[in-house]
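J.: Below are the chains, spelled out letter by letter.
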Amino acid sequence: MIPSETLLDRAAVELQPDTELRPPSMASRLMRDRKVVCAGGFILLLIVLALGAPWIAPKDPLAQNLLLATVPPAGLPGSEPGYLLGTDGLGRDVLSRVIYGTRVSLTVAFVAAGLACLIGSLLGLAAGFLGSAIDALISRLVDVWMAFPPVLLSILLVAILGTGLHSVITAIVVIDWTRFCRVVRTETMGQAQMDYVVAARAMGFSRSAILFREIFPNVVPVLIALLTLEMGIAVVVEAILSFVGLSVSSDTPTWGGMIAEGRQIVHEAWWVLAAPLAALFATVVAFNQVGDGLARSLDPVLRR
Amino acid sequence: MSALRLAIEALSAISLRDGNRPILRRVSLAIAVGEVHGVVGESGAGKSTIAKAILGIIPSQVRVAGGRITFEGRDLLALSTNELRGILGRDIALVPQDPSTAFNPSRRIDAQMTDGLRLKRGFSAKEARMRARALLEEVQIRDPERVLNSYPHQLSGGMRQRVLIAAAFGLEPKLVIADEPTTALDVTVQKQILRLIRALQERHGTSVLFVSHDLGVVAKICDRLSVLYMGKVVEQGSTADVLAAPSNAYTKALLAANPRYDRPDSGLEPTPPEVIAALRAEIAAFDRGARQAEHG
Amino acid sequence: MADALLAARGLVVSYGAGRLGRGGSAPVILHGVDIAIGKGETVGIVGESGCGKTTLGRALLGLVTPSAGTVVFDGRNITALDERARRPLRRRMQMIFQDPMSSLNPRRTIGQILTEPILLHGLAANRTAAISLVYGVLDRVGLLRHTIERYSFELSGGQRQRVGIARAVVLRPDFVLADEIVSGLDVSTQAQVLRLLKELTSEMHLALAFISHDLSVIRSICHRVVVMRDGGIVEQGSCGDVFSAPQSAYTRMLIDAIPLPTVDSGWLGRSTAETATTI
Chain R
1 MIPSETLLDR AAVELQPDTE LRPPSMASRL MRDRKVVCAG GFILLLIVLA
51 LGAPWIAPKD PLAQNLLLAT VPPAGLPGSE PGYLLGTDGL GRDVLSRVIY
101 GTRVSLTVAF VAAGLACLIG SLLGLAAGFL GSAIDALISR LVDVWMAFPP
151 VLLSILLVAI LGTGLHSVIT AIVVIDWTRF CRVVRTETMG QAQMDYVVAA
201 RAMGFSRSAI LFREIFPNVV PVLIALLTLE MGIAVVVEAI LSFVGLSVSS
251 DTPTWGGMIA EGRQIVHEAW WVLAAPLAAL FATVVAFNQV GDGLARSLDP
301 VLRR
Chain W
1001 MSALRLAIEA LSAISLRDGN RPILRRVSLA IAVGEVHGVV GESGAGKSTI
1051 AKAILGIIPS QVRVAGGRIT FEGRDLLALS TNELRGILGR DIALVPQDPS
1101 TAFNPSRRID AQMTDGLRLK RGFSAKEARM RARALLEEVQ IRDPERVLNS
1151 YPHQLSGGMR QRVLIAAAFG LEPKLVIADE PTTALDVTVQ KQILRLIRAL
1201 QERHGTSVLF VSHDLGVVAK ICDRLSVLYM GKVVEQGSTA DVLAAPSNAY
1251 TKALLAANPR YDRPDSGLEP TPPEVIAALR AEIAAFDRGA RQAEHG
Chain G
2001 MADALLAARG LVVSYGAGRL GRGGSAPVIL HGVDIAIGKG ETVGIVGESG
2051 CGKTTLGRAL LGLVTPSAGT VVFDGRNITA LDERARRPLR RRMQMIFQDP
2101 MSSLNPRRTI GQILTEPILL HGLAANRTAA ISLVYGVLDR VGLLRHTIER
2151 YSFELSGGQR QRVGIARAVV LRPDFVLADE IVSGLDVSTQ AQVLRLLKEL
2201 TSEMHLALAF ISHDLSVIRS ICHRVVVMRD GGIVEQGSCG DVFSAPQSAY
2251 TRMLIDAIPL PTVDSGWLGR STAETATTI
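Chains as they are written, first to last, in our numbering: chain R, 1 to 304; chain W, 1001 to 1296; chain G, 2001 to 2279.
Simulated from the structure, these hints should not be mistaken for lab results.
A couple of the hints might just be wrong.
Ranges of calculated distance between the beta carbons of each label pair, as one might list FRET restraints [to be verified]:
no.	chain 1	residue 1	chain 2	residue 2	range
1	W	T1081	G	G2232	53 to 59 Å
2	G	D2230	W	M1130	35 to 41 Å
3	R	L44	G	S2183	47 to 53 Å
4	W	E1137	G	S2183	29 to 35 Å
5	W	R1090	G	G2050	34 to 40 Å
6	G	H2223	R	G114	58 to 64 Å
7	R	R213	G	K2198	30 to 36 Å
8	G	H2223	W	A1125	57 to 63 Å
9	G	G2232	W	M1130	39 to 45 Å
10	G	S2156	R	R140	56 to 62 Å
11	R	P150	W	L1119	55 to 61 Å
12	W	S1028	G	S2183	30 to 36 Å
13	W	S1043	G	S2049	38 to 44 Å
14	R	R140	G	A2080	28 to 34 Å
Cβ atoms here follow ideal geometry from the backbone N, Cα and C, with glycine treated the same way.
Next up, chain R with everything else stripped away, as it sits in the complex (with noise of 0.2 Å):
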């Protein structure tokens, strides 16, 4: 056996891994994608506005000021310096409450989405690699599942734990579990099927291995697109149960809730419903371009 060890070992030579043909790493490529900057960008905003939401806010959001109500944004007719959005029906500054809407819509984005998943895609890799007796358990469960209306769902879910921000996200998380649950599972058995697969383990990998480093990277592309897009259905979910009055408690200002308000009152001030409104959209349009981007420039296979 001596020929093989001199033709492995004979050019165990020095090592020079060559730089220049790195391909560039992924935050300079993700940096050179205009629209992904900006949509981060402007998520990136938010995430400070959030958190320093009682340093940056110009008001009070609750100081209501009955004086000053309906009071027009900056630059038309009748508008008075400090309110830059005007606002509102019981004389609340608009910025100030968008601003502080950040917090509500953000924490439900982030947690929920990203709760709704971790579950469902541990359940999908499950279901799409063990197969068999697993994967009819868990794909019946997941059919049962969505034949519940998710908005009856859904308002049960918060009758039960009453009102407030867990049970919003406990209520996205229950019912949007199985949307990342179907489409890993999905394309884990598509990639299960792959010829690389069967190399892993006629190289004796384990299951694990098999699972987490061959697979798991195959379908981490489809699972960014899916999860922020949740994240923007999770915040649109949020101003549904708030616009209906099944979030969190009046008093803690959010979108939904400044959308619900301000649709009584539309006529006398558009602002009060067009400010939330342009937030929320911009808010979901953003973490979608984020998503397209991230996988563009994750995924070796897109980027080519």
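Starting from the known structure of chain R, arrange chains W and G on it as the hints suggest.
T.: The following block gives chains W and G in isolation, referenced to the frame of chain R:
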């Protein structure tokens, strides 16, 4: 030399996506009535682009940059889509490469076979069905009724390819484009399919453009050959001449690389680097000449 | 065969064997196959699609569980080993795949794909040592060293198949299974890949099971050939014997169906009695 059926003259094509890289470099070839002309080359040589140019199905990132394709006295490249549509299927038919994806999986064979007969020949539904049955009998399918009532997935690969050949020849076209028609098949089935194409072609006097990467296959079915390298015809002639006494170094290299069970000690010869270098130089010189002609 | 490295006896594989939740009688893919491959020997396994050659290969490697029969590797019965007990043997038995595009993980670099098996089987103490082994094997299979930075889709078909070969031989196996590894390649690339494989098997004294539908390719690199049909072996013997005097009508028909690149006007017309029944 009998009458010409198809004449391709100085056909050039470029890839728009890849910096206007040439895909076909002034390809000329002529197919006589009742002749099978083989186009051989390795992947990326431009074989399929020739077939697609004749059929007017050039992909959007490829542009025909010059030349003529004369069929029955008309330049196919100059025809409108509608005029071309009138010729395709009736006078020019295609036998595709992969019989497993060439059918619509959710329609039965009879529906898919009679489409062309009704559309291009104006047959009634009943006439078309009778004709389809007769066509399947002509390609030696023993139980044509069963095949007509089947869905594509219920047939073997060889059977599907027979049906496709029956459908292509069924419209009595003057020219059949066969794009690697046996690549997806087992050797014994391949032999039957080749025999079938040859028999139908001889019976109907059809001309065939036979695209293949396999020198063995073209040796058995083609009258004449064009050997393609990087979109340029490097050798052209009768099959016997090209294979027995190749004049071009690339053709020689292809033959030397081809393993043969009857000569176990030859074959598998890697293409000598000087041959590749000479070919590349030739291509580069050709491109320089083409650019000068364009600007001067 | 006394000095067989890998031998299977009475191998039966039925579809769905070893899986839960599939009732009823499973269709048999292999029925009672006997095969032996000696040290340093290259054995061609040929047959048409659906003959069971791929399943036979995977059963030899323990990737498919046979419902009957035994597989003996280096004197040890490995038929019923579980994954843990089999792991040390995995290094010694390697596989090269038909489609290197699907057998190389598209989201891992060639460097990751090649170093991880080395580390798993402890052939190198650390990553640096593993990479130096990888450089050695890349040099040998004719790939540039910076290939380790690449992803599979950035390589040509021939380069990908060289990576497939590198992955198999870097672990210094005793046995390699090659399943239709040149069927997607151009003849000139095919010639290079087959030459490389031929050199490696003799340099490393490898036993090679070479599955192919192409008898010409088998003739050019194999010592012995096994002809399969419908899940069984029709004929086996040294290439010289089988090609010059095939014993079975099916083998003769397979050989007759190979189109040689020579003009032979009678070839299309010559047909064997069996031909009509195969479509």
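J.: For this structure, which hints from the list above don't hold up?
T.: Of the numbered hints given earlier, those the structure breaks are 10, 11, 13, listed in rising order.
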